[in-house]
Every structure is written in C-alpha cells, then in structure tokens.
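One line per chain: the protein sequences are A and B, in this order. Going by UniProt numbering, the first sequence opens with residue 1, and the numbers climb by one from there. Going by UniProt numbering, the second sequence opens with residue 1, and the numbers climb by one from there.
The set of hints was computed from the structure by calculation and includes no laboratory data. Worth double-checking, as some hints may not be accurate.
[Said to hold, decoys possible] Each computed DSSO-like pair below joins lysine-lysine, with the alpha-carbon atoms no more than 30 Å apart: (1) A:71 - A:300; (2) A:6 - A:71; (3) B:288 - A:297; (4) B:193 - B:220; (5) A:300 - B:288; (6) A:327 - A:71; (7) A:135 - A:71; (8) A:71 - A:126; (9) B:306 - B:193; (10) B:288 - A:6; (11) A:168 - A:327; (12) A:168 - A:324; (13) B:217 - A:6; (14) B:288 - A:293; (15) A:320 - A:168; (16) A:297 - A:126; (17) B:220 - A:6; (18) A:300 - A:126.
[What the hints assert, rightly or not] Some but not every residue of chain A turned toward chain B, in silico, with C-beta under 7 Å: (19) 3; (20) 22; (21) 24; (22) 26; (23) 32; (24) 37; (25) 57; (26) 59.
Note that the structure is predicted; figures quoted are calculated from it, not measured. All C-beta atoms in this analysis are idealised placements derived from N, C-alpha and C, irrespective of residue type, glycine included.
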Amino acid sequence: MTSISKAERSYIQAGLLANPPRRANGRALHDFRSISLETGVAPLSNGSARLSIGQNPHEGSGGTEIMASVKLEVESIEEDGGRIACSVSCSPSAYPHLSSGALDDLQHDLTAVLHQTLSHPSLHPKNLGIIPQKKSWLLNLDFLVMADAGNIYDALFMAARAALWDTKVPRTRSVEYKSPKTFSSASGDMDVDQDTASGFDTRKVSHAVDFEVPDYWDEGEVLEGRERWPVAVTLNLVPTIHFLDATSQEEASCSSRLLLVYSYESPSSPTVQSMRMLGSGELTIPQLKDLVKEAQKYTKDMVTALTAKLVEEDLCRNQKARDKFVKRK
Amino acid sequence: MFEFTSFRHPPDNYSIKNAPDDVDMDEDDDDFLETGGLKLTCPGESLTSAQAYMRGHGTYVDKEEVIASVCGLVERVNKLITVRAVRTRYNPEVGDLVVGRITEEMESRWNSRQDAVLMLSSVNLPGGVQRRKLESDELQMRTFFEEGDLLVAEVQAFFGDGTMSLHTRSLSYGKLRNGQLVTVPPILVRRLKSHFISLPCEVDLILGLNGYIWVSKHVKENEREGEEGFDAEAVYSNRNDHIDDSTRTAISRVTNLITILAAHSIPLTDTVLLEAYEWSLEQEGDVKDLLQEDLGDALVATILAKGA
Chain A
1 MTSISKAERS
11 YIQAGLLANP
21 PRRANGRALH
31 DFRSISLETG
41 VAPLSNGSAR
51 LSIGQNPHEG
61 SGGTEIMASV
71 KLEVESIEED
81 GGRIACSVSC
91 SPSAYPHLSS
101 GALDDLQHDL
111 TAVLHQTLSH
121 PSLHPKNLGI
131 IPQKKSWLLN
141 LDFLVMADAG
151 NIYDALFMAA
161 RAALWDTKVP
171 RTRSVEYKSP
181 KTFSSASGDM
191 DVDQDTASGF
201 DTRKVSHAVD
211 FEVPDYWDEG
221 EVLEGRERWP
231 VAVTLNLVPT
241 IHFLDATSQE
251 EASCSSRLLL
261 VYSYESPSSP
271 TVQSMRMLGS
281 GELTIPQLKD
291 LVKEAQKYTK
301 DMVTALTAKL
311 VEEDLCRNQK
321 ARDKFVKRK
Chain B
1 MFEFTSFRHP
11 PDNYSIKNAP
21 DDVDMDEDDD
31 DFLETGGLKL
41 TCPGESLTSA
51 QAYMRGHGTY
61 VDKEEVIASV
71 CGLVERVNKL
81 ITVRAVRTRY
91 NPEVGDLVVG
101 RITEEMESRW
111 NSRQDAVLML
121 SSVNLPGGVQ
131 RRKLESDELQ
141 MRTFFEEGDL
151 LVAEVQAFFG
161 DGTMSLHTRS
171 LSYGKLRNGQ
181 LVTVPPILVR
191 RLKSHFISLP
201 CEVDLILGLN
211 GYIWVSKHVK
221 ENEREGEEGF
231 DAEAVYSNRN
241 DHIDDSTRTA
251 ISRVTNLITI
261 LAAHSIPLTD
271 TVLLEAYEWS
281 LEQEGDVKDL
291 LQEDLGDALV
301 ATILAKGA
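Take the sequences, apply the hints, and build the full model.
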C-alpha cells in the first residue's frame, strides 16, 4: 500500500531472512511493538476503547491508532436476540496517499472482515434481546482508524475485544398492559364475554408490549460471554519465515499475509473464527498447518495479556470516572 | 511478547489558559496581548479585532477579526499578531539538500512528495559527461527512476507557481540503496556544513532538510560509483550490496536513536548523533531496548548535559 523502492524492499527482505534476523528497529521476528490501551474513552457510548500499537512512548506519535465504540440502539425486529453491526471508517489523514475512492474500498474491506467475524452466531451474546419477537438491541460497533503504521487487522480486533468487553447493556423490564377487571354489574342484563385465558392455551405468548429501563445511563450488565470475543494475528510471510506486527514498510515488502482469528471460550479450547489470505502468494497445506499451530500459540499469549489488561482497566475505571468528575469545571 | 501499557495523560496541573468563559474572555485576551503570556490557539479561533492589530503569519482576516489559520502559539510584536505553528511543513530554499520519493512519472520529469519536480534534463544521463537529453532517454525514464524510488537531490530553482525543481547532477546525489529511511519533523534538521555524515560505525547518514533521513551502509570514498567515467548501471541500480550483521545492527541502532531524539525535539547534528551512538554502545541490552521510555529519557538527559 505504501510505496517503497526496490532497494528498500530488498533491504527489508534480506534483513528478515538473515541469520540472525534483523528488523528495522531491532525487534525479533515475533516481537510485538508495545500496545497502549484504554477503555471507556467515549462517555456517550455503551462501551469504548482506544488502542495504539507502536506509538512513541514519549510524545505518542507514529503508531497505528484505533478508536472503537459500541452504541446500543433499540430495534423493532421479529428475530430474537439482537444483531451486531460493525463498521470501520478510516480517517483520510491516516492514508494521505489514498484517493477517496481507494479509501472507501479499504474501509469496505476492513468492515467486511470485522463484521463477518464478529457477527457470527457462535459469538453472539445472549443478552441482547429485550422483548421476544418484538424488540431487541442492535449493537453498533464502530471503528475509526486514526493512524496506520502497519498491522491494522490485529489492532482492529484487539480494539473490538476491548470495546465489547467494556460494553454495558442496560437492564430492561418488560411492561405489559392488563385490561382492568370488567365490572359484572349486578343488574347484568347483558351477557358479556369474559376475557379469560383458556386452560388449553400452552403457547406462553408473552404479552409484553414495551419495556422500561430501571438503570441509570451508565449502568447495566456486561455482555454475556465476553471472554469469547476473538483476537487476530497476522502472520506476514516471506518464504521460509513468518513475522508478526509488521510496520507499513514491512507490509509493503512481503507478498502475502495470513490472518487468523481465534476465540478462546476457555484457555484450552480455541476455535478458529476466521482465516484470510491477504495478498498474492502460495502456501502448501503442511506449511499452512504449521502456521495455524503457531498462530494459536501467539493468540493464546495475546488473549492472556489482553484479558489481564482489560481486567485492570475494569478495576481502575471507576476511579478514573471519579477523577474526571472531580476535575470537571 | 505482548506488552500492554496505558496512554500517557497530561499532568494534573496542565491547563489551557483560554477557557471558554464569557466573563474572563476579554481579560484573557488582554493578558496575552499585553504581557506576552503564552496562548495556544487552534485554526479558526478568533484572536483579536483586525482594526487594532495587523495580521502576520499563521493568521487571516475575516469580518474584521484576526483569525488563526494554524495550531500553535500566539505571538505579538507591537501591533503584529502571528501564530507560530506547533508543526511546520518544510520550507524549501535553493541549494537545500532533500531526500524524496518518486510519486509520479510524467513526460520528461518525475514528481515527488510535497510537489517537487525532477526534470529529466537535471539528472545524470548515461554516457558520462554533460550532454543534451535525447528522445531515447525520455523513453527509458523508468530505468533511471521508478515510482517509489528514494533519491537525494538538491533544490535547483522554483517554478513560477512555487513548486520546486530538483537536480541530481552531482555524483553524490542520486538513487538511494543499502539502507532504510527514517522521518522526523523537518524543523529538527538544520542547515549544516555537510548533510552527508559518516559515523565511525560504518554507517552513512544523509540528513534531508525536508525531514527525511537516509541511514545506510558506509561506502568508502574510493568505491563510490562513477569515479572514473559514469556508470549508469551502478548509479541507477536497485540492488543492494551485501550488508553484514554488525552493519545492520548499527543501522537499526542509529535509526532508533534518531527516533528518540526526534521525539524529544532535539535538533540533529553530526556531534549529537555521534554522542548518542557512543552512549548507546555503553548501555547494556539490545537495540530494541532503546525504544523503552526510561532509556530514551536517560539518553536525552546525557545529550543535553553534554550540550550545555
């Protein structure tokens, strides 16, 4: 995507294939740049996260930076259980060399991968329904790519996991109308049909027509099964080796990439949620098998580290909110 | 392998002076205009009335008001209001050395980033000596430079519309190979006696005034291409020489040092870079460890102490 000269490309490739391998800033092949993460950054959303990979620790420039936010919306829909809709938008300043048409294409590509993976029924949280067959939550998960310095997919999936982890669904109580008992007037000269439930009716139709929200706007319960949200790892392939967390220059100099998305419901039972081969190139089946195994190892480490960070964020979240409240003027 | 950190937040005592408080507004305005106190501004913010003050750089006048057009510090000299931008673009001057990337191939010229033009007539053509360009040269322009290629050139002149024209008509200019690029804010590269720096660790540096810095393997004086006669093959080659491991490590080290210095807004000169390199050799640990914050801070402290 980034333009790169032939000499640079061969310099990077030769460095990766050298023994020992050398990368631009001295990282090992399977090292990630440092990742900064913060949740609860957008006060008006139900859950949000800001994530950046490889930014300069001193002044915070030069990294891949993503904002992700979850907004819940009530939707009248026949289906049960709610929906998830993802969308990715890229800031033009993240891709100054792309025309607006090319930017749209890129957004569409990223959206497709994220949406197809995250809205799959196997990951669907169970508490998005409100009133069966009438109303449910539509979970809008929106991403904004503020800067891209490579490894955008891993960053997007991590941001998604963080924002969904942070999401609180407001508790709801359904409201039902009951017609008041009709007076059976003493003078009863008319025989009114009594509206009584038939004992043979076993359909258990819910008569709820509306709902109320007992919580305040920032309260609620977390999404069910939030440990399930997947993480992705992109294996950048230069024949005979693969490396992680490529910078844009490195991405431009390797022909193909393999994106693998894993979900860990429990640490011992990973499932592959998505797999994409990006770019041109070929892989043999045995190679692919090895890569899948390797990727599982990486994602396991990643998910452990990320979950630890998210739990820590959860704990200091209330403290942060309090600080902000005190500081406001 | 995975390291998660939090974002840095501005310190608690950090505040921007001009809070949008209706009552204080006028006082604040007077404050910065009278005492020369610091004031940060954003594009589109009204600074003062145009009747009493004159507009300078970084401002424009709309409806009798001086309005900031860049983000930065407001400065006042007598009745002149200027805004000094936080980040500036490179402002080219004739004779400057720049490192650029070819973005577009056009008839008899190449375009590069920030709209500079390299005319076919201002590169070294095969066959040595100064000669007129031919139609055949025009047809094989891609064998000289392609899209994406990096080159070092000198600003030759400006066209009527303000775009700059470059030239590579010297053997020290031309296509770049055997190394990697690192970019810094252009303001950190000052005009020096020489922008070609050789560090004793077998690393050459080219400091482009536009903020592009090329870090590459050292090429000995007598091994430079085109010393005897002009070898177009070698000058426009896309092939890298063999680079051994220690050189590669040194290149990475220098790249990381430049990134750290740039993050701390320290202007880059040959002495600073040399000191930084020597300091980093004394430290234990790998090249990648340099990017950790505490090491970076320690480096900057040492450099500043020596400079003072």
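Verification of the supplied hints:
no.	hint	verdict
1	A:71 - A:300	holds, 28 Å
2	A:6 - A:71	violated, 45 Å
3	B:288 - A:297	holds, 23 Å
4	B:193 - B:220	holds, 20 Å
5	A:300 - B:288	holds, 24 Å
6	A:327 - A:71	holds, 26 Å
7	A:135 - A:71	holds, 16 Å
8	A:71 - A:126	holds, 17 Å
9	B:306 - B:193	holds, 21 Å
10	B:288 - A:6	holds, 25 Å
11	A:168 - A:327	holds, 24 Å
12	A:168 - A:324	holds, 19 Å
13	B:217 - A:6	holds, 16 Å
14	B:288 - A:293	holds, 27 Å
15	A:320 - A:168	holds, 17 Å
16	A:297 - A:126	holds, 29 Å
17	B:220 - A:6	holds, 23 Å
18	A:300 - A:126	holds, 25 Å
19	3	holds, 4 Å
20	22	holds, 4 Å
21	24	holds, 6 Å
22	26	holds, 3 Å
23	32	holds, 5 Å
24	37	holds, 5 Å
25	57	holds, 4 Å
26	59	holds, 5 Å
Violation of the numbered hints given earlier is confined to hint 2; every other hint is satisfied by the structure.
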